[in-house]
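Engineer: What follows is the residue order along each chain.
There are 2 protein chains.
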Amino acid sequence: MRAEIISVGTELLLGDIVDTNAPYVSRQLSTLGIDVYYRVTVGDNVARLSDALKTAFSRADLVITIGGLGPTEDDLTKETIAEVMGERLVTDQESEKVIRDFFERRGVQIAPSNLKQALIPEHGFAIPNGMGTAPGVGIEKDGKIAFALPGPPGEFIPMLDNSIIPWLSDKTAGTASVIVSRTLRVCGIGESAAELKIKDLLDNRNPTIAPYAKSGEVHFRITAKAADKESALTMISGLEAKARERLGEYVYGIDEETLEYAVVRALIERKLKLALAESCTGGLIGHRITNVPGSSETFLAGVVSYSNKAKIDILGVPAELIEKHGAVSPEVAEAMAKGAVARTVADVALGVTGIAGPGGGTPEKPVGLVYIGLCTPDGTEVTRNVLGGSRQDVKLRASQSALNMLRMFLLH
Amino acid sequence: MRAEIISVGTELLLGDIVDTNAPYVSRQLSTLGIDVYYRVTVGDNVARLSDALKTAFSRADLVITIGGLGPTEDDLTKETIAEVMGERLVTDQESEKVIRDFFERRGVQIAPSNLKQALIPEHGFAIPNGMGTAPGVGIEKDGKIAFALPGPPGEFIPMLDNSIIPWLSDKTAGTASVIVSRTLRVCGIGESAAELKIKDLLDNRNPTIAPYAKSGEVHFRITAKAADKESALTMISGLEAKARERLGEYVYGIDEETLEYAVVRALIERKLKLALAESCTGGLIGHRITNVPGSSETFLAGVVSYSNKAKIDILGVPAELIEKHGAVSPEVAEAMAKGAVARTVADVALGVTGIAGPGGGTPEKPVGLVYIGLCTPDGTEVTRNVLGGSRQDVKLRASQSALNMLRMFLLH
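Here the protein sequences come in this chain order: A and B. 1 is the number of the first residue of the first sequence in the numbering used here; add one for each residue after it. 1 is the number of the first residue of the second sequence in the numbering used here; add one for each residue after it.
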């Protein structure tokens with residue numbers, strides 16, 4: 001089966017919003033072994049949407065449109081699909097009921113334009129939308145399949161995952177080959193150095209392994225094509241084992257597991273309590289740690305000691321230390337980490353001080369210089385990091401280095 | 001002039017990366033009054049790229065391709081454009097020199113495939129790439145214009161901004177009308193309520209005003225089409241004044257100005273020092289404040305008091321208060337804000353406590369319940385907020401409500 005994706009919306013075409021739905025559906029289709037050869041974006045214009053639909057049906061078996069299902073007069077995707085497929089639109093009773101209930105519960109008068117959202121092609125079917133009033137529609141006719149889904153990702157993604165993908169999965173069962181991927185997430189080593197370690201594996205044809213550089217980390221995506229998911233996973237496991245052997249402890253997680261997730265999980269496993277003392281990262285490390293559900297099991301407190309006075313008063317960093325070495329120094333990073341432990345009865349703490357820029361740099365202490373102290377029951381260590389990029393890049397990379405330093409400690 | 005954008009790359013089509021280049025070029029072209037009717041994504045496949053190019057030339061005067069200019073055998077954009085336009089590829093001496101110098105400086109042996117990057121169509125011209133080895137190419141022939149640019153945004157964006165846009169600006173000078181936009185950023189009011197306030201303005205044809213809902217705020221984009229930039233700006237100012245009259249203090253900034261930027265600017269103007277006491281937001285408010293360059297002028301310190309003990313020990317919240325009312329209560333939010341002021345000699349402080357979820361909710365205190373205390377020289381106030389969405393949504397919306405509460409105080 002071959003698919004084409006059409007994203008509909010003038011705001012997409014003007015570049016006002018970035019389309020994340022189309023890549024999402026691409027990934028989901030590839031796991032079913034459905035090839036996507038073209039993706040097209042058109043505005044809210046019937047003639048051009050009609051043209052895009054005709055072209056898509058001429059070269060694909062399955063067309064998925066995203067957007068243009070709202071109640072306004074600009075929203076014309078269903079009408080255009082119906083016209084191109086020679087279908088009349090009829091009211092879907094169940095969808096109408098859902099829409100009427102929605103407005104009734106809110107005590108809002110329903111407008112006729114809202115009822116337009118209950119229309120579906122006469123030979124089609126409605127796809128329930130748990131997060132909004134616009135149902136999607138599906139239709140299978142003359143050997144072609146079309147799905148129309150709403151544009152807001154909060155509605156689009158659940159409808160795709162819960163209705164379209166299972167429907168297509170049944171449809172393609174036994175006929176197509178599947179594509180399955182797994183991402184190895186790597187931190188603490190640069191992209192080139194990491195690539196060098198698995199250089200020979202990069203030539204592998206099936207499964208393949210390909211690097212993607214992210215800010216402060218590298219992802220290696222392993223992709224296998226096979227007759228079924230199980231065979232693909234077996235192929236992936238073989239290549240993954242080889243890659244892990246080469247990359248060792250630099251691998252911190254797979255797929256959607258973040259670095260902060262790996263750190264929180266390891267802290268909880270080892271029953272260690274964490275405290276933070278942040279200066280240049282401004283709270284970002286605490287924010288990342290607390291993005292992980294359950295982090296309250298290990299995370300006690302953070303101090304964002306942006307001013308010198310806060311370093312002295314809250315963390316107990318000796319004033320003389322700051323005077324002698326400056327606030328950005330290995331001595332202060334160490335004292336911040338120690339102070340965070342002392343202040344909170346934590347087992348481990350990070351202390352981060354640096355110059356995020358764009359101002360504040362000197363020849364001796366340039367923008368991007370960041371010292372990270374790690375205080376543990378084994379003692380305290382400090383690393384010196386020189387990080388590139390904008391203010392936000394420096395903050396992100398400093399948080400990355402600090403979390404990775406903590407992760408490495410927790411491994412041993 | 002009408003343009004079509006073709007993004008080239010199998011990694012785009014598989015959904016491995018999100019295409020931010022195509023929206024960027026859309027926005028830049030709209031400022032020149034160049035309409036984009038279609039955007040197309042194709043993989044690294046000569047036949048399908050050739051097909052997409054022919055279709056694009058049949059309905060547009062200008063075609064911009066993004067990607068496929070690398071040294072590998074998958075990179076075939078230039079070759080395909082040359083074939084479709086009936087051009088031979090020849091070596092551009094200047095580009096070859098740049099590539100040879102690049103490798104020489106690094107002491108790396110140059111591969112023949114790298115010299116492929118110096119090829120340009122015989123009637124075309126090279127577009128210098130200050131950030132990589134792949135020059136772009138441009139060609140004007142038989143009334144059609146084509147540009148091919150490399151895919152990495154760090155190379156693509158400077159080449160577009162420094163070479164293509166000025167070239168097109170000369171080309172369209174005097175002939176095209178320009179499109180100019182300004183975004184009004186609004187916070188503290190829901191999308192529907194904000195829209196209602198400017199309902200009649202939404203029918204305006206030129207300039208237009210259109211709402212875009214963001215997480216915790218609403219953006220209104222005003223767009224004018226006129227013969228020149230100055231006339232467009234005058235038209236925008238007229239509609240902007242009307243919208244501002246209706247939206248009043250809900251408008252906190254324009255274009256790229258963030259809420260944290262507005263808050264930091266107002267604090268510095270009023271010479272007030274800020275402290276933070278964060279629980280459920282975990283450091284996010286400190287992170288946002290310190291994303292603003294120069295925030296060290298006003299921001300003294302934050303305490304991320306995730307555990308009750310940290311609320312008591314570091315912020316001086318009375319233990320009885322937590323016992324009696326619970327950590328998520330208006331009383332504790334107030335005591336946290338007061339404690340942050342007392343601990344740091346700040347003039348104003350926020351105290352934020354709530355349940356970010358997904359666990360930890362009860363019927364009385366559900367997930368999403370967040371109390372925000374604001375302590376100022378005028379006294380302390382507390383708001384109760386019930387916020388929807390995932391753990392990260394609740395954190396973001398809580399930070400948004402807290403920053404907006406502080407902004408409103410600073411306005412008066």
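Simulated from the structure, these hints should not be mistaken for lab results. No experiment lies behind these values; they were computed from the predicted model shown. For every residue, glycine included, the Cβ atom is placed at its ideal position computed from N, Cα and C. Take the hints with a grain of salt, since some may be wrong.
To be verified - Here are the simulated DSS-like pairs of lysine-lysine, each with C-alpha atoms no more than 25 Å apart in a straight line:
#1 B:K199 <-> B:K242
#2 B:K199 <-> A:K116
#3 A:K54 <-> B:K199
#4 B:K309 <-> A:K338
#5 B:K271 <-> A:K309
#6 A:K273 <-> B:K197
#7 A:K309 <-> B:K199
#8 A:K309 <-> A:K271
As the list claims (entries may be wrong) - From the structure, some residues in chain B lie toward chain A, with a derived Cβ separation under 7 Å:
#9 V18
#10 G282
#11 G283
#12 L300
#13 G379
#14 T380
#15 T383
#16 R384
#17 N385
Engineer: If a hint holds in the structure, say so; if it doesn't, say that too.
Structural biologist: Status of the hints after comparison with the structure:
{"no.": "1", "hint": "B:K199 <-> B:K242", "verdict": "12 Å, holds"}
{"no.": "2", "hint": "B:K199 <-> A:K116", "verdict": "21 Å, holds"}
{"no.": "3", "hint": "A:K54 <-> B:K199", "verdict": "37 Å, violated"}
{"no.": "4", "hint": "B:K309 <-> A:K338", "verdict": "18 Å, holds"}
{"no.": "5", "hint": "B:K271 <-> A:K309", "verdict": "18 Å, holds"}
{"no.": "6", "hint": "A:K273 <-> B:K197", "verdict": "50 Å, violated"}
{"no.": "7", "hint": "A:K309 <-> B:K199", "verdict": "50 Å, violated"}
{"no.": "8", "hint": "A:K309 <-> A:K271", "verdict": "33 Å, violated"}
{"no.": "9", "hint": "V18", "verdict": "5 Å, holds"}
{"no.": "10", "hint": "G282", "verdict": "3 Å, holds"}
{"no.": "11", "hint": "G283", "verdict": "3 Å, holds"}
{"no.": "12", "hint": "L300", "verdict": "4 Å, holds"}
{"no.": "13", "hint": "G379", "verdict": "24 Å, violated"}
{"no.": "14", "hint": "T380", "verdict": "21 Å, violated"}
{"no.": "15", "hint": "T383", "verdict": "21 Å, violated"}
{"no.": "16", "hint": "R384", "verdict": "21 Å, violated"}
{"no.": "17", "hint": "N385", "verdict": "18 Å, violated"}
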